[in-house]
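*Asks:* Letter by letter, the chains look like this.
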Amino acid sequence: MNSLSTASTLRSEDISVWFGERQVLEKVNLTFPANQVTALIGPSGCGKSTFIRTLNRMHELIPGAGLAGAVYLDGEDIYNESTDAVSVRIKVGMVFQKPNPFPTMTIKDNILSGLRLSGRKIENAEELVETSLRRASIWNEVKDRLNDQAISLSGGQQQRLCIARSLAMDPKVILMDEPCSALDPGSTRRIEETIQELSETMTIVIVTHNMQQAQRVSDQTAFFLADENTPGGVVEFGSTEQVFNGPIDQRTNDYVNGHFG
Amino acid sequence: MSFSVRPTVQPWRRANLKRRFEILLAVAIPLPLTMLFALLSNLDVNLALIAVFLPLQLIAAGLVGVRAYGKRGIGDAALVVITIFFSTFVLVLLLSVLFSVIVEGGRAISWQFFSQNNVYVSPTTSLEYGGVGHAILGTLMVVGLTTLAAVPLGIAMAVYLTQSQSKTRNLVRTFTQALSGLPSVVSGLFILTIIEATQMGRSGFTGALALFPLMLPTVARVAEEALRLVPVDLRYAALALGAPNYRAFFQVILPAAKSGLMTALLLGLARVVGETAPLILTMNPSSSTSLNPFDGGMTTLPTFIYNYLASSYQTSQARAWGAALVLLMVVGLLFGLARILSKSKTTKKKASK
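So the sequences go chain by chain: A and B. So for the first sequence, my numbering puts the first residue at 1; every next one is plus one. So for the second sequence, my numbering puts the first residue at 1001; every next one is plus one.
With the rest of the complex left out, here is chain A (with noise of 0.2 Å):
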């Protein structure tokens, strides 16, 4: 495919958030460069799914949610009053925990569904819908029975359907919630490969609890951490090198070699 768009820069400024009367997260300053891999590590419940959130307004639809501060992309502040949140989620992609095909369409569907949801016209839906599968790793397996109902697959190919149904919207910047971690090491395996691909064209932020995983396919890392009773934050951000090779703070440094969390 030649029409591929250029990666976007995705940086927050001073990302706090509420539910209800609970702050969870404090002033998150973070930057995701270009065709960068970014790792956000920490232990349950430090706000790490809630910040990924932010990142293309999904965080808005929680009851009670509130917000503080600013995320741009490519400059453009996404919170602005101008901005729309659908436009937003169009170019900033999402692959959530649990995979989540919609179970009344068949694979090919399932596929074409963003274009269909977001009111595009499709133009080549097969080419489309070969390169989509192509691109995360799942073409060789499906290609026989694009007529089959999404949910006949295996949970490693629901996932990894769920990354081709994204990357056919073609977005600038794809956000992954902890992708792996239903899945057995065969298919997690794929997924890194695939990542690892998508980021020649693609921006990637990825949550995980794996520290192996985030060592193998990122760039940079921001490790997270909520003390009790206080709201979390970024405690270290560097290159995946330097957060886990030689960490600065004493906490960094404890949870990547496993002594907490």
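Think of the hints as simulated: they come from the structure by calculation, not from any bench. Where is the CB? At the ideal position from N, CA and C, for every residue including glycine.
Below, computed lysine to aspartate or glutamate pairings styled on EDC-like, alpha-carbon distance capped at 20 Å:
1) A:98 - B:1233
2) B:1167 - A:21
3) A:27 - A:13
4) B:1343 - A:148
5) B:1167 - A:60
6) A:108 - A:127
7) A:27 - A:236
Some chain B residues close to chain A (C-beta under 10 Å, calculated; not the full set):
8) 1234
9) 1237
10) 1248
11) 1252
12) 1256
Chain B: place on chain A using the hints.
*Replies:* Leaving out everything else, chain B in the frame of chain A:
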């Protein structure tokens, strides 16, 4: 290549002849014993079934259970006996209703009973003339009109209750639940006062109006449950792809809830198709065929049954039973049709494997 021969496909079902024999005895002994007892003591059969058969069967099953599994066998055996006993009880009840309708109604049924109306029929006319064609059409039109209004509105209510985060939801839900307890005759009286106040004249339409408050809450509540069962993940998945809310709803949530919504339609139909009281109050009966639900008299199958069953003439009563059988057929046909419609699409896709 070597094959290992599997002894049985389901080893947990391997025959234990001794136990099978005990079970056979436990099943075979209590019933004849009860019958014998009922014959000798002139006890009422129904009473004997509950007072003699059920305890005997429980003891027999309990004994087998104890021999097989010790103490815990008693509970299992009791559960099995009680479930089977009462399911059979309900099944017999249902089948006997069906049986009597088929036997009694069968006498009046013939081709012309479906196609003709009752214009020139007097109580002494033989069953070879006249029919309930006009009442079938009447039922379809009145219930159809109600459905046309109640199903879209009911589903819309369910959408409001499940998809919005509005604060008045609980109020709406409470009212819907209260409305579903509305006695049908009250609904009829309500429309009757409107008819009197506005001088609008009774017609099939006023009948449909009286059925509407009965069907709406049923559809809304069942549809709400159906929509609630669709995982919120799917909605998020759609929105994350850049779908506006309405497209996420129509292309993802609605198809996923389809069979549940079809159930809502069916239960709504079942709620109103046999209603008599509100229609007696709000429609003028008619013996002729009317295709205009907005003007003039119209008869539905339940009101036809009501009018003819009160008669002391045998042929009239036979016609009422016949109409009851036709009503059952119409309901069965509607239900079957709805099931086929709701399943056809997914099975087609599966067949293409």
